[in-house]
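Top line first, the protein sequences correspond to chains A and B.
Mapping the first sequence onto our numbering, position 424 (from 1) lands on 827, and the numbers just tick up by one.
Mapping the second sequence onto our numbering, position 111 (from 1) lands on 514, and the numbers just tick up by one.
To be clear, the hints were calculated from the coordinates, so they are not data collected in a lab.
Be aware that one or more of the hints could be misleading.
[Claimed, not checked] Derived CB-CB ranges, DEER-like:
id	chain 1	residue 1	chain 2	residue 2	range
1	B	R522	A	P484	19 to 29 Å
2	A	G416	B	E711	49 to 59 Å
3	A	P753	B	E479	29 to 39 Å
4	A	G1017	B	E479	40 to 50 Å
5	A	N667	B	R522	40 to 50 Å
6	A	P484	B	D435	47 to 57 Å
7	A	R431	B	H1005	39 to 49 Å
8	B	P565	A	A928	36 to 46 Å
9	A	Q747	B	D435	57 to 67 Å
10	A	R431	B	R853	49 to 59 Å
Glycine included, every Cβ here is placed at the ideal spot set by N, Cα and C.
Here is how the chains run, residue by residue.
Protein chains: 2
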Amino acid sequence: MTDAAAVDATLPGAPADGAARAVVENVRPHVDHGRFAVKRVAGDRVDVEADCFTDGHDVVACRLRWRRDGDAQWNESPMEPIGNDRWRGTFRPEATGGYRYTVTAWVDAFLSWRHDFARRNDADDRRVAAQVGAALAAAAAERASGADRAALERWSRDLAAPQDDARLRELALDEALAAIAVRHPDRRHATTYPVAFPLLVERERARFSTWYELFPRSCGTAGAHGTFADCAQRLPAIARMGFDVVYLPPIHPIGRVRRKGPNNALVAGPDDVGSPWAIGAAEGGHTATHPQLGTLADFRALVARARELSMEIALDIAFQCAPDHPYVAAHPEWFRHRPDGSVQYAENPPKKYQDIYPFDFESRAWPALWRELHDVFAFWIGEGVRVFRVDNPHTKAFPFWEWVIARLRERHPDVIFLSEAFTRPKVMHRLAKLGFSQSYTYFTWRNTKRELTEYFTELTAGPGREYFRPNCWPNTPDILPENLQVGGRAAFMARLVLAATLAANYGIYGPAFELGEAVPREPGAEEYLDSEKYALRDWPVDREDSLAPFIARVNAARRDNPALQRDDNLAFLETDNEQLIAYTKTAEDGSGVLVVVNLDPHHVQSGWLVLDPGHLGVDESRPFQVHDLLSGARFLWSGRRNFVQLDPARAPAHLFRIRRRVRTERDFDYFL
Amino acid sequence: MTDAAAVDATLPGAPADGAARAVVENVRPHVDHGRFAVKRVAGDRVDVEADCFTDGHDVVACRLRWRRDGDAQWNESPMEPIGNDRWRGTFRPEATGGYRYTVTAWVDAFLSWRHDFARRNDADDRRVAAQVGAALAAAAAERASGADRAALERWSRDLAAPQDDARLRELALDEALAAIAVRHPDRRHATTYPVAFPLLVERERARFSTWYELFPRSCGTAGAHGTFADCAQRLPAIARMGFDVVYLPPIHPIGRVRRKGPNNALVAGPDDVGSPWAIGAAEGGHTATHPQLGTLADFRALVARARELSMEIALDIAFQCAPDHPYVAAHPEWFRHRPDGSVQYAENPPKKYQDIYPFDFESRAWPALWRELHDVFAFWIGEGVRVFRVDNPHTKAFPFWEWVIARLRERHPDVIFLSEAFTRPKVMHRLAKLGFSQSYTYFTWRNTKRELTEYFTELTAGPGREYFRPNCWPNTPDILPENLQVGGRAAFMARLVLAATLAANYGIYGPAFELGEAVPREPGAEEYLDSEKYALRDWPVDREDSLAPFIARVNAARRDNPALQRDDNLAFLETDNEQLIAYTKTAEDGSGVLVVVNLDPHHVQSGWLVLDPGHLGVDESRPFQVHDLLSGARFLWSGRRNFVQLDPARAPAHLFRIRRRVRTERDFDYFL
């Protein structure tokens, strides 16, 4: 063979290795072809698929390659064919941080030889093929060492030696020797997919968290302004309800200039406390605490107390300023100015928000602004905060979020960011792509079976499932939705169960929810009357009718059932009643839950639901038990159609754990 | 404003322009995110969509950018919002060649100002806003020249001057002045999608062509070996049938070593002509003509004669060698060798093809091999050939095809390549992505309504629609499908209509098709008895029962109806009879056809079909005419449900042109 390659290496437009015959394409998952990271949490399984094939009928081999950012070496996982030239492989990143993965494939001369050898029906052909195999085994031996090398060298000699045909077949197709050869493939002409896709691995709470929103200033007694210390007193009760993130609205000094009064009145009285989102006053801005809440030391004590109770304090980061925020005087270049030289307040004509100055992200001084805002996060991380709820991120420049979240995560991979963007779908998705761990959703306004089914199918089965983690809220301090205004206690219970079981991340705006607060500021409004945003509230949290015990049962079910701790396992069931929504979630370990909710808060609803026992891991031919984790009731079901009836006056939902029948050694049945 | 940017330009990990707030994502169409080109033909409309948006409520503007490869300047087309932050723009490349397109967007300060101004309901606010507008108009004037500049300068002065509020509103929202300002936007902070997507523009025949396959050696008279000159004699009849591509199997010298006999017999007799795909003998290889067909000059005369008849000669490029091909001796390094030193013949164990030597694309000499194969194409391009049917491209290395097609197209953008790959779906799609203009399909084996509907929906509405142009064949010299063996004349007619109307590119293996040749080599086989692949055939092409007149009518309908000249406009209709398949195709000019085929060749079938008159451009409230271009019959239909009946003994298909009723000035109705 002449060395023509050397002569012709300058073939214009040709690839470096024209003999790289394997194709790798259509690698999944990815977000915008690798522009953004796919998200998982530590310990999650990452399944990667790709189309791998070559010309002709040669056999390809492929491997999933993955590594943690900063590692020099790639790890490799096997990939298995799943039909139609598609392959699947899996890895399980155990540490948080950034990763990359890709797929490599090659035409495997040894596997092709073996595939063909098994199909040869002519002894002469087999003799010739054995010589080819001997050469392949010898080449594999060159790439091996130790025992493998010795075995392959011996195999090569045996294949080359004259053999009886039956013995030759056995030798050539020897499984153990093939396994050794496969360990030392010839990958000189391998094709690696040109993109190494980014993966972001966060800690588990990014995927599974239970939020409780609380105004510390309302934790005082006898109408006094609450403090961090008062707030700490409330924590055990919140922990008993099963929450793990306690989220506080902004805790900073509140502006006095153009302060809003109760119910968003334009003019505040001298004793009015103002809105915590009007951040900044003479006492300080985004890194100061409100003097009436307490000192930084008091705040740290609160953070520590929460941690003792296995909870975390989440802070609200609202990047906007009251007119008397120190930034306004110190950094006029961070704000837009009106023709008269005054600072431009927030507006969306005809609406004006004269108490709020937005930052100007088109400022020429954007680098200094970005650095300062980064340092605000960094400051609170220094104070022990690891969870941030970000207020209206969709009104700040997208490139800033991508940069600041990545920078913070580099040093603090355990920080979780929740995007509070109630806006257009593309904008919400972009923020999730840019790095937010969790996102507010439209759940608050999705009421009917059809609305809920369509929306949660989109969230859990659409492209967003790789990067958009829904965090569902039945209410917020801004939003008392109509469903809660008109539905009474049953609506609160139903909306809680829906939020807590449709999504692995959910939260409630605390005392107002557990006490069933349902009066709007005026008819048709979505705002609370006497909203806590503008006034202190004295919540009778120990009231008899508090939903706290019910909430605790729901949250205990979430904690005990891995199926409720992820979003990608949701499957809706068919029911013959439009008021009954039913769905299952199943865990990797095979355990499952089945939820049925009566969406009508006023009437008993009943119907038949259709389920696939096999999908739930139970034997279709035998009865199985469903155990309602809310009421404690147990039912024996069988087959694919089963009857349910829900009286909203008692409980508008079943949260069933599916119990598989297990037979013990003594022939005693029990349900697992 | 301080120049903080200069101080902080080193912000680690930050983008070059943090003030670039607009987002461009989800640009469509694309093939593998720009790894391969989207395909169109000259004069086609290219619709491009993208999601463009920004933070907050500012207004974005965007443009579609496109240019021909080699051009220095980008062209820009407007984009219009189509809802949900999605935008669409269009361009129409008139010349063949490579193009690129992308999308750019920016936050438009002027449009945002105008949007807000229109919503301001306070005269004081409007006065302040007018000052802002004056500054924006002045800035726009700086970017403009000539009359635009003067108009904007005047506008700026007027906006800055004290004005009555009513006059100010009028002035600020003046449509004509806005149109001038929009022509001079501030694009300093524009975001351009980072990928400029490739587009391949071919000539129209890549999208719409009608193929006739013909063995020139069977064109002789009285059993003599046919010549190019004999073949030229057949061309007028083929042209009359409406074909525009006459495709010849390989025209090269045929190997004598291990030549096959009639019906693929292993041993040939001394007078057997062999298979044209066993290429190469002492007389030459891939750039020689078979001595009995004629000289290169004779071939050129055939090409010229076809051109006179508005047809093209397509050559078959089969990159493989007979054992006596001159390459085998001259370039042993292009072939794989067996342990005994002999050249490795083609095999797919247990099958062996000892008369064929494949090239070894893993040869170290691949660059020389690639260059030689490139030169084979280039040689025939030099002889006037512009259409190539490539034999079994899926058994040659993919990187070769990508390189050779791109190289050839650089100099000869009018060359069309048809991929004859009957293999796995991913492989067929890869070849189309790599550059083949058209592709063989599974049409040949898709018979039922469901099979046809699913397959053509996938082809015309799936991702392949951007790069995979089906070319459908009811038969080939290799394939006499079962449907033609058992269905008689009606099956031939039905399969022809299906191929010719489901796909804009189709072909038949000529005389065998028009004469209804239907006898397999043996029962259960798909091969023709006495296949022309291995023997001369004497076709009685003037036989009374030839389908030629029917074929001519079908092809005339294709020529006269733009709706039949593209693939992206297919829509299936509902019928209440599983044997009746119905579909429409509509053209950009609004004209449309409706095809109904009886898939049962043995029985009359009738039923109701459901159509949407509005989709076909006719008034639902009035009768419309359907005109069968095959039988000449005209029917008046009305409404959404109409009755059809097809007797396979007469005609198994309707090919209706939809005629819209037009009222003349004299109140005389006619159908357009």
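To see whether the hints hold, each was checked on the structure:
no.: 1; hint: B/R522 to A/P484: 19 to 29 Å; verdict: violated (59 Å)
no.: 2; hint: A/G416 to B/E711: 49 to 59 Å; verdict: violated (36 Å)
no.: 3; hint: A/P753 to B/E479: 29 to 39 Å; verdict: holds (34 Å)
no.: 4; hint: A/G1017 to B/E479: 40 to 50 Å; verdict: violated (57 Å)
no.: 5; hint: A/N667 to B/R522: 40 to 50 Å; verdict: violated (21 Å)
no.: 6; hint: A/P484 to B/D435: 47 to 57 Å; verdict: violated (21 Å)
no.: 7; hint: A/R431 to B/H1005: 39 to 49 Å; verdict: holds (46 Å)
no.: 8; hint: B/P565 to A/A928: 36 to 46 Å; verdict: holds (41 Å)
no.: 9; hint: A/Q747 to B/D435: 57 to 67 Å; verdict: violated (45 Å)
no.: 10; hint: A/R431 to B/R853: 49 to 59 Å; verdict: violated (28 Å)
Checked against the numbered hints above, the structure breaks hints 1, 2, 4, 5, 6, 9 and 10 and satisfies the rest.
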